[in-house]
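Asker: The primary structure of each chain is shown beneath.
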Amino acid sequence: MTEATDSLLPELARKLVETLGLDMAPEALDPNAPLIGAGLGIDSIDTLELVVMIDRDYGVKIDNRAAGVEAFASLAALADFIRQRRPATSA
Amino acid sequence: MSSRPRAFVTGIGVVCAGAKNVAELRSLLAAPRRRFAPPTLFPCTGTSAGLPVAEIDGLPIGLPTDSDLPRTHQLALLAAREAVGSGPIPDAIIVGTTTGGILRTEAGLKAGSTSPDDYRFHGLDTVALCLAQALGIHGPAMTISTACSSAAVALAVGQAMIRSGLAQRVLVGGADSLCRLTFHGFRSLQLLAPDGCAPLDANRAGMTVAEGAGFLLLESAPSRPTLAVLAGTGLSCDAYHASSPHPEGAGAALAIRRALDDAGIAPADVDYINLHGTGTPDNDAAEAKAVRAIFSAPPPMSSTKGLTGHPLAAAGGIEAIIATVALGDGLLPANTGLVALDPALQVVPVTAPTRAPVKTVLSSSFGFGGNNACVVLQAPTEQTAAASTTSPLALPALRVAGAACLTAVGDLAQTWEALRRGGSAVGFVPDAAFAKSVVAPFARRLKRLPRLMLALAQKAHQTSGISGPPGLIAVGTAWGPLAETQDFLRKLFESGEQFSSPTDFIGSVHNAPAGQIALLLGATGPNLTCSAGDRSFAQALLCASLNLAAGGSALVMAAEAHEARLSPLFEPASQGVHASDGGAALLLLADDSAPGARLRWLGESGARGSAFLDGLGLREAADHYDAVLVNLAAEFSSAAKNELDELAALARRGCPVCPIIAVRDRLGQHASVAATVAALAARAVTEGILPLTESPLPLARKRLLLLDLGARSAAVEVFA
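So the sequences go chain by chain: P and E.
As numbered in this note's numbering, residues 1 to 91 make up the first sequence, in order.
As numbered in this note's numbering, residues 1 to 720 make up the second sequence, in order.
Errors might be hidden in some of the hints.
Partial pick of chain P residues on the chain E-facing surface, computed with a CB cut under 7 Å [to be verified]:
#	residue
1	G21
2	M24
3	L48
4	E49
5	V52
6	R56
Restricting the straight-line Cα-Cα distance to at most 30 Å, the calculated cross-link-like pairs of lysine-lysine (DSS-like) are [to be verified]:
#	chain 1	residue 1	chain 2	residue 2
7	P	K15	E	K491
8	E	K491	P	K61
9	E	K447	E	K436
10	E	K436	P	K15
11	E	K641	E	K702
12	P	K61	E	K110
13	E	K110	P	K15
14	E	K110	E	K491
15	E	K436	P	K61
16	P	K15	E	K447
What the hints contain is simulated information worked out from the structure, not anything from laboratory work.
Just so it is clear, CB atoms sit at the ideal spot from N, CA and C, and this is done for glycine as well.
Okay, chain P solo, but in the shape it has when bound (with noise of 0.2 Å):
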């Protein structure tokens, strides 16, 4: 469990840095930051090919702006907000 945890967040960082073709490394992602509106240039439409993968990878579902707005204050955030909802895998 505590190394599943551990490996979620470096986890997204590749996934997010994949899934929109940013032009930077994983680990220079700031796991505090918050992901929209800012330096990393993430609009609307990355916004929703994110909400994509993370129902498709994790079954998560971000369907309303509140959980929007949760999700992707920043990476970690991002991360808490999968750990919370996503359904219990059989081990």
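Please arrange chain E on chain P, whose structure you already have, making use of the hints.
Answerer: Just chain E now, kept in the frame of chain P:
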């Protein structure tokens, strides 16, 4: 009023959810009832289960021979046949469509079929070709693909065609069938309403994707009773965002203003507005602002998409027919689906069908790429019913102020030089020739075709020396953004039809590159995309020639991007050693007396064999031109044998013999090579030498004929 011909609507034909003809539509509008339900055309389980659409049931309902056709083609035929009826054959047809035969393509890709026969209807052009053949239309068969404004843009082009005298009778409209691409695409954007759309509602939660077709017959001299007059049209581009409308509705307001001005009327003259009104939070908010910006006291208005759903490219055609019914029946259609009006919109829709005199209707259609089209329809009056006649006119020649091309050997100068040395430009454009040339905030998301197109547009604009944006953008592309289409469907099928990419969906619409060009150049003028196979460039030039006001400037271009999986399925004969991609862009000026190369669109014809030269008005061509440059796709090389024989006979009559040059041998096989030929020809007539023969050909007349020979033929002349 002006003395130019007017576009009288003398026939209408429709098929949409709840109505399979005009009579049924009239009943539906008088007593609205909607039946939105989950699609039956493709599986919708898991993440998409239960999401409603507006599907038409009971197809096929046309002729037995129609049943082999894809759904979009069937819908288009139904509506087109009703519009033409027993009347005279139209001179031309203009079809707005975004889906074409993609529902069938999806089935082929899902099944893993590698048989090109399963993909023969993928080209958007096949809808117009099918209608032209079924109805016996010999003149231009055009395809406009500007997303959800397609049919309304087709109406604008049709009106321009009537006004120019180029045609006396034009069938215009649009058709789209439901398919996975649009359903899952809009779903990935979270734009589909879970319980069906509720335009203007405080709790509106999106649109309901639909299907249908709507066609109108426009005539300059009515051959039967006039139903309405297409009094004005207005086109604009937001130049703001790929998929979201300008938040203040600036582009929408511009299109409304242009349509009213074009019709020569004031806002107060409008009796009813048929809104675009998709039911998405952003559209309805922006559109309401646009309406309030133009109308100090807005007339009755409604969105009928709560009844019909949103039939995408067909919407502008179906809603122009609803406008015609409103005029004829004295009916204000209801804003179906509305429960609680959104007070923030500050507009008041018609809540129930209302009988009232209606003399003037404004109908709006807006699409991805910030593409806006508004049309004004008016009831026929004694004065307007006076027929005007005019003889066909030659379209104006446009001067080439800037040019760019991209081929396997590089840009225009590099391509010219390679050809002059006897080399070829066959092959794919190397990434290094364009990939990094466009710096825009949105460039990160762009795949091959938009990058090629942006690089071409930017270069042509730069070389023109014109500082401001072009007044009009007309783009040709036979296949559109294939990588985006392929990636979208691949991800969809890989996930068991559960997940797809919103980025690829927005990028897959054929007018996405044109919208991005508008964004890059800040071009808020008309923005058209033509997808008509090998005639795509010629049709883009036709659009510019028809719509360019004196002194105006237009960016006219065409390009294709090869896609490893789809291109071999769609154009099997064009693969192998001659497989190529790329294209060209020209910055053209109207009514400009400066010296330089000029392009003139001469004609498009479906006539074959011995009639083909007459169809294009080229019987005497051999004496006028230094050479004929023939753009013949490998796909049509055997089908066009008779036309090639006619051309050879024509060449022999010329004095001196006019050489016929097959351009694809040197420039490669791709549908938009016509644009590259035009860019090279413009340079050739300026320099007096053509580097497309074994040794460069001196041009005594400085006049070249460019001929596209395929499913239909098209002719453009280039001269200095």
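Asker: Take the hints in turn and mark each one as holding or not.
Answerer: Cross-check of the supplied hints:
Here the hint on G21/P is kept, as its CB sits about 5 Å from the closest CB of chain E, short of 7 Å. For M24/P, the interface hint is violated, since its Cβ never comes within 7 Å of a Cβ in chain E; the closest pair sits about 11 Å apart. Of the supplied interface hints, the one on L48/P holds, with its beta-carbon coming within about 4 Å of a beta-carbon of chain E, less than 7 Å. Below 7 Å, beta-carbon pairs count as interface contacts, and E49/P has one with chain E at about 5 Å; its hint therefore holds.
A hinted interface residue such as V52/P counts as satisfied when its beta carbon comes closer than 7 Å to some beta carbon of chain E; here the least separation is about 5 Å, so the hint holds. A cut of 7 Å between beta carbons decides the hint on R56/P: the least distance to chain E is about 4 Å, and the hint holds. Annotation: proposed proximity of K15/P to K491/E holds, straight-line Cα distance about 16 Å (limit 30 Å). Restraint check for K491/E and K61/P: the C-alpha separation of about 18 Å stays at or below 30 Å, so the hint holds.
Taken as a hint, the K447/E and K436/E pair is honoured in the structure, with Cα atoms around 12 Å apart against an allowance of 30 Å. A threshold of 30 Å between alpha carbons decides the hint, and for K436/E with K15/P the separation of about 24 Å falls inside it, so the pair holds. Restraint check: the Cα-Cα separation between K641/E and K702/E comes to about 28 Å, which is no more than 30 Å; the hinted pair holds. Pair hint K61/P plus K110/E holds up; C-alpha atoms about 26 Å apart against a cutoff of 30 Å.
Simply put, K110/E and K15/P have alpha-carbon atoms about 26 Å apart, close enough for the 30 Å limit, and the pair holds. Note on K110/E and K491/E: the hinted pairing holds, with a Cα-Cα distance of about 11 Å set against a maximum of 30 Å. With a CA separation close to 36 Å, the supplied pair K436/E and K61/P exceeds the 30 Å bound. Under the criterion of a C-alpha separation no larger than 30 Å, the hint pairing K15/P with K447/E is consistent with the structure, at around 19 Å.
In summary, the structure is inconsistent with hints 2 and 15 from the numbered list given earlier, while agreeing with the others.
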